[in-house]
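Colleague: Sequence:
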Amino acid sequence: MSKKKPSKGNKANVSTPSKALEKNQELVEKDFSDSSDGLIRKIFWGSFVVIALVTIILSQGSGLNADEYWQDMYAERYMKWYETMGSDTSAFHHPKGPVQHYGALFELIAGYNNKILGNDTYAPGYYNVRHFWVAIFGVLAMLMTGLFTKTMGGWRAGLLALWFLFLSPRFLGHSLMNPKDIPFAAGYAMTLYFLAITLQTMPKPKWKTLLGLAGGIAIGVGVRPGGLLFAAIAGMFIGIEYLMSYGVGALANTRMLGKYVLYGLGTIIVGIFLGFVFWPYALVDPFNHVPESFKAVSDFAVNIRMIFNGAYVFSQDIPPTYTSVWMLKTLPLFSLLGLVGFIAFARGIFNRYPPLLVWSAVFSFVFPILFVVIQKSPMYDGWRHMIFPYIALVSMVALAWDYLYVKFQEKKTILYVLAGVLGLTALEAAVFIVRNPYIPYVYFNPLAGGVKGAYGDMEVDYWGVSARQAVDWIEDQGIISENMTDTVVIGSDFNYAIERYIKGRYGDRVSIRYVKYRQRYDIDWDYGIFGTRFLDPEMLTTGHWPTNRAIHTIDVNGVPVMAVYKDLDNFCYESKQALNKNDSDKTIEFADKELAVNPLNEIAMINAANAYLNKSQPEDAAKYIRMYDELVPNNYLTYNLYGSYFMQKNDVNQALQSFYKAIEFLPDNSVAYYYIGYINMVQKNYGEALENAKKSFEVQPKFKQGYLLAAQILDAMGDTNLANQYRQAAATL
Numbered sequence: 022m023s024k025k026k027p028s029k030g031n032k033a034n035v036s037t038p039s040k041a042l043e044k045n046q047e048l049v050e051k052d053f054s055d056s057s058d059g060l061i062r063k064i065f066w067g068s069f070v071v072i073a074l075v076t077i078i079l080s081q082g083s084g085l086n087a088d089e090y091w092q093d094m095y096a097e098r099y100m101k102w103y104e105t106m107g108s109d110t111s112a113f114h115h116p117k118g119p120v121q122h123y124g125a126l127f128e129l130i131a132g133y134n135n136k137i138l139g140n141d142t143y144a145p146g147y148y149n150v151r152h153f154w155v156a157i158f159g160v161l162a163m164l165m166t167g168l169f170t171k172t173m174g175g176w177r178a179g180l181l182a183l184w185f186l187f188l189s190p191r192f193l194g195h196s197l198m199n200p201k202d203i204p205f206a207a208g209y210a211m212t213l214y215f216l217a218i219t220l221q222t223m224p225k226p227k228w229k230t231l232l233g234l235a236g237g238i239a240i241g242v243g244v245r246p247g248g249l250l251f252a253a254i255a256g257m258f259i260g261i262e263y264l265m266s267y268g269v270g271a272l273a274n275t276r277m278l279g280k281y282v283l284y285g286l287g288t289i290i291v292g293i294f295l296g297f298v299f300w301p302y303a304l305v306d307p308f309n310h311v312p313e314s315f316k317a318v319s320d321f322a323v324n325i326r327m328i329f330n331g332a333y334v335f336s337q338d339i340p341p342t343y344t345s346v347w348m349l350k351t352l353p354l355f356s357l358l359g360l361v362g363f364i365a366f367a368r369g370i371f372n373r374y375p376p377l378l379v380w381s382a383v384f385s386f387v388f389p390i391l392f393v394v395i396q397k398s399p400m401y402d403g404w405r406h407m408i409f410p411y412i413a414l415v416s417m418v419a420l421a422w423d424y425l426y427v428k429f430q431e432k433k434t435i436l437y438v439l440a441g442v443l444g445l446t447a448l449e450a451a452v453f454i455v456r457n458p459y460i461p462y463v464y465f466n467p468l469a470g471g472v473k474g475a476y477g478d479m480e481v482d483y484w485g486v487s488a489r490q491a492v493d494w495i496e497d498q499g500i501i502s503e504n505m506t507d508t509v510v511i512g513s514d515f516n517y518a519i520e521r522y523i524k525g526r527y528g529d530r531v532s533i534r535y536v537k538y539r540q541r542y543d544i545d546w547d548y549g550i551f552g553t554r555f556l557d558p559e560m561l562t563t564g565h566w567p568t569n570r571a572i573h574t575i576d577v578n579g580v581p582v583m584a585v586y587k588d589l590d591n592f593c594y595e596s597k598q599a600l601n602k603n604d605s606d607k608t609i610e611f612a613d614k615e616l617a618v619n620p621l622n623e624i625a626m627i628n629a630a631n632a633y634l635n636k637s638q639p640e641d642a643a644k645y646i647r648m649y650d651e652l653v654p655n656n657y658l659t660y661n662l663y664g665s666y667f668m669q670k671n672d673v674n675q676a677l678q679s680f681y682k683a684i685e686f687l688p689d690n691s692v693a694y695y696y697i698g699y700i701n702m703v704q705k706n707y708g709e710a711l712e713n714a715k716k717s718f719e720v721q722p723k724f725k726q727g728y729l730l731a732a733q734i735l736d737a738m739g740d741t742n743l744a745n746q747y748r749q750a751a752a753t754l
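For the sequence shown, this note's numbering assigns the number 22 to the initial residue and increments by one for each residue that follows.
To be clear, the hints were calculated from the coordinates, so they are not data collected in a lab. Among the hints, erroneous ones may be present.
Derived SDA-like pairs (lysine to any residue); straight-line CA-CA distance at most 25 Å [said to hold, decoys possible]:
#1 K602 to G708
#2 K587 to K636
#3 K316 to F297
#4 K280 to V291
Label-pair distances were calculated between CB atoms; the ranges are [what the hints assert, rightly or not]:
#5 S345 to I78: 27 to 37 Å
#6 Y681 to S345: 26 to 36 Å
#7 Q498 to E709: 55 to 65 Å
#8 I78 to A273: 51 to 61 Å
#9 E712 to I364: 23 to 33 Å
#10 R647 to I544: 23 to 33 Å
#11 K473 to I364: 25 to 35 Å
C-beta atoms are modelled at their ideal positions from N, C-alpha and C, and glycine is treated no differently.
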């Protein structure tokens, strides 16, 4: 016989099982049904159909995100792993990075869909298929969020949540082209919804409910290791519900506890296993590979430079406020106001709605963000890695707005004001989506001053999605066409995406060449397509980008995020080629010609400055260094050049200060470390000299001069054997 809970009158007495179950229901379920439910339910499902169609249609016009270049190979290799029954392990050794730490669920769905249709990566339909499936997962996330909220607060709250998520431009934008974060968020939403139903129906949940819960966990684990968090949240709240419903004493009730273990823990284990089925690296050795992958993803090794609050930061050195600041500037105002309302009326919300379910939403929003802050996990590209907890926030926000409606429904003036505020803030987000239907992920709210106010303050089109629109414009202008006979060369730092847009139709008649914007004249091209990614914030805030070499821009609310350049006369390219050949006079000649027609060309300034330094004419070089400093202040290149200038002026202390300042702006500045090491060597401070020489090629392994400097220092230290090893290493570069 099971133990029962003591009553107030007699501690030896116990409550009946029916009372315990009743208390359970008060924790996880309340009745909000009224006469309008039928109508609102119809509106909910009608809205869902409209939202689904719009999202799928928009996905077909979206461009590629910049990470597709390695995800394509990832998909192909994982398909081979399954087709060879695990004998082909090339997916575990991806040349672009350790992608084995991620699940392949999405890649397998989209990959086999494309294989059935006969699409390769150059086929026009290849990315349409991928984006279709991203949209399906995005729509699934919206639906599950609406249903999760409906489970807590009724159909009206669920309807609000459905529209709130759709009208969140960042979420919608990623639902058009993000094959990692959106499926992951869909799994999270699915887990939360079916967890809520499980809590309501324990200890006798329906098998469909448990299957849904296992499915949500499986999607999460099948996308990335963090999906194990879904399992942990489910297990934690099932345990909490058991203890709150039956008391600590019920732990001795083996029959009831057994049901919770069977339905709760059993479902979680099934979900994890199903996730492993789509994650080969975990499947082959779960006990070793899962912890390894979790650590690898948490301590992401890549150190990406990005604009944050008007300055450069690196992804491994972000401040604790990184995610919260991004959210503050990019969440639609109805979400921010709803969060304020939730906090202000928290007591009433917890009293009106099922408290344990509300806590599940709060925890599911707060914990992941706190976790990455406490872990100091590298973050980049805004809050896209934190899209999944936004699911829970939207539910909280919808409950807050629903609660305000109920609280003030008898006070018509207040109710009309609230409706007006909600309507206007939703309209602001909707207008942005309508104006920028294929790249709504670049949205900034009015608190940030919109995209215009955030320009140069935060990253905008960091994934280069608008490159597709640039290619469309080039085609519309007839610059590339089916009838062209000459080869058109296009240079871009988004070359992979542009190749996929063009090569399948034009073949060798269009040549796509990779080049960074900062080195855009290192190669010869006819047209260039360049975005704002990796540009200095000062170039954006001062209006110095794009230069007058741009013939077209892709704008978001009047702000350029992608530019099409045309190289009319090759002056800057010729200047760079002359500099590479140590022909200083020609370098200066062509640089001056370029600056005469394009006075904002920073590369021409750098070329001329370096040429005069090569001629040991520091004062002439200083003229161009100052020009560059005025154009792009507080930049590592400026301090590199000033360091060389002061070296030629024999001002060693100023030179060292300049190079150290350059490293502050660019920690992997191999040139600065090289010259610091050189100065140390001249000062016969060989230990420090060798340390800095090594740093120069540790941050840039192909920096040949660093190896040669280390060899020179070792010769001076009398270690010729090691010196020769460094020379041999340099000879291989």
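Colleague: Output the numbers, in ascending order, of every earlier hint that fails for this structure.
Modeller: 1, 2 and 9
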